[in-house]
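Heads up: the sequence lines are chains A and B, in that order. Our numbering puts the first residue of the first sequence at 6, with every later residue one more than the last. Our numbering puts the first residue of the second sequence at 3, with every later residue one more than the last.
These aren't lab readings, by the way, just hints derived from the structure by calculation. By construction, the Cβ of each residue, glycine as well, lies at the ideal position given by its N, Cα and C atoms. Take these hints with a grain of salt, some might be off.
Where chain B lies over chain A, by a calculated footprint (3+ residues, C-beta under 8 Å) [unchecked claim]: (1) 58-66; (2) 95-106; (3) 118-130.
DMTMM-like cross-link-like pairs, simulated, lysine to aspartate or glutamate; straight-line CA separation at most 25 Å [as the list claims (entries may be wrong)]: (4) B:K225 with A:E28; (5) B:K268 with B:E247; (6) A:K63 with B:E44; (7) B:K268 with B:D258; (8) A:K96 with B:E37; (9) A:K96 with B:E18; (10) B:K282 with B:D258; (11) A:K63 with A:E139; (12) A:K101 with B:E36; (13) B:K282 with B:D249; (14) A:K113 with B:E18.
With beta-carbon atoms standing in for the labels, derived distance ranges [what the hints assert, rightly or not]: (15) B:E246 with A:E46: 28 to 34 Å; (16) A:T138 with B:E36: 30 to 36 Å; (17) B:D249 with A:H51: 27 to 33 Å; (18) A:G141 with B:Y252: 30 to 36 Å.
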Amino acid sequence: MTLYNPLHERLVRFVQTLVWDKEEARDIVSETILAAYEHFEKVKHHEAFLYYLFTIAKRKMNRRYVQQKRQSPWTDELNDKAEDTSPDALKKLQIKELKEAIAHLPEKYREPLVLFEFSGLTIKEIAELSNLTENGVKSRLVRARQQLSEILDGSLHEKAI
Amino acid sequence: MKKQFNNESININNLEQGKTGNADLDNSISNVKEEPLIFSVEEANYIVENAMTNEVTSSVIKNTIIIGGAVLLSAVFGWMYYEFNHTSVGAQTINESTKINNRGSVNERNKIKLSSSENEYSDGNSTELNPTGLNSTENNSIEVFSNSNNQTSVSNNYTKITNNSTVASNSTTKSKKNITSSDKQATKSSINDPKKTNSNFSKTIITQRYFDDGSAKMTLEYKNQPARITINSRGIESLFINSEEVDPSYYYLYEDLAIEAFRRSKIEPLAGATHDANAKPNINAMMTGALTRRGLIKEGEIFNFELTPSVAILNSISLKADVHKDLLQVYQSAFGSSLPRGGKFIIDKQP
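So that you can see chain A by itself, here it is in the shape it has in the complex:
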């Protein structure tokens, strides 16, 4: 746990930003932790633990996403599942809008953005994790931010009309 504890918040933020359903997100975190523990011997260097942990979380989320796609229709729509915990209503709305906008981003932009802005990973770490160059990550981040702003502008514009 010495290696895990400093990364806990980063991991949870990563999962809870991408997975709206609270229970679902909790399941993914717990599964990730367990899988990381079970195959810990695969980690050859302590520095690699971060990549190891986030790679497991990414796979778990992808798998769950595929699973959900072919599962039962009594799964709620994403919109109904959005669950935020902040008390302020405006904040709640902003959070919901932002998460919706993030969900609309293409996957190649979504992940680096969440890792950078919410999990606090550095560009170097994201590059290593995503198997990209640092410049590649930077350009994706810039495009992700631009698209995010455009999506948010669009939703506000629609509401104004």
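Model the placement of chain B on the given structure of chain A, informed by the hints.
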């Protein structure tokens, strides 16, 4: 109130976290970052500690199984050696109590009492026995072969045994289910509402795994006890409460646990949450239920339905491709294998 994205502030070489150049976006990002964590470090530690305990327990169990297996094997060989050398032609009675389940592992699910005598067989012929005369069902009957050998002849004794205890317990289950029908109604509504939570559970799932065959296994805390449940679309495959396997006839007592497991795994309980997944599936009923849940038919409606790998026809109307795909998935989950090419599944409820 249109947001302005300040392009001048974008410098690809100087990206800073939380500074996008759009004040509103920055504000929203900081709001999300201020959200409380859904999972605490303490919970993470708890999971790892629990996994460590499980590991120790499972290694102990493994050792026990290996030693037990060796002892059992030597006993079987000893018995076979004795039988080979000492079988007499006169009447012989074998009394055994065997514990077998559908998957071949040893547990308490089916108790089979075998009693055979050599008077009841002849060379090469098989005799069907039903000691109590009760009707046997496919799920509860087990065929046992017993070979006997002596110097003059080789005989095969083929005996069919009925598990009467299971029949009895099934009837008990039925009556108890009637008593709790109102409870069932209440739980049924909670199946459809994934947001409802049950106070019998801790929020932490210790493990949750999905398998390629569509089943899911999870360990969670139920009424302050560790519960391990394996489910698939047909119901409960196995259930352990406090490391003790629950007999399928008592699954109904753990309906809330089963519903929670289905809810969390997002698996559709085709035959009801507490159905024994190892029992023979009633695919017609499962498909009818699935069609009802999808709003394609009403409850009790008379309909005809045809499903092939290329099309799904309900009341002479061809269903959309995505619905067809979904129903093929239901069929596969219910039947255990996909509908073969050229195969057809039909429900005809027209009068």
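Next on the checklist: So, against the hints stated earlier in the document, which numbers end up violated here?
Outcome noted: When the structure is compared with the hints, numbers 1, 17 and 18 turn out to be violated.
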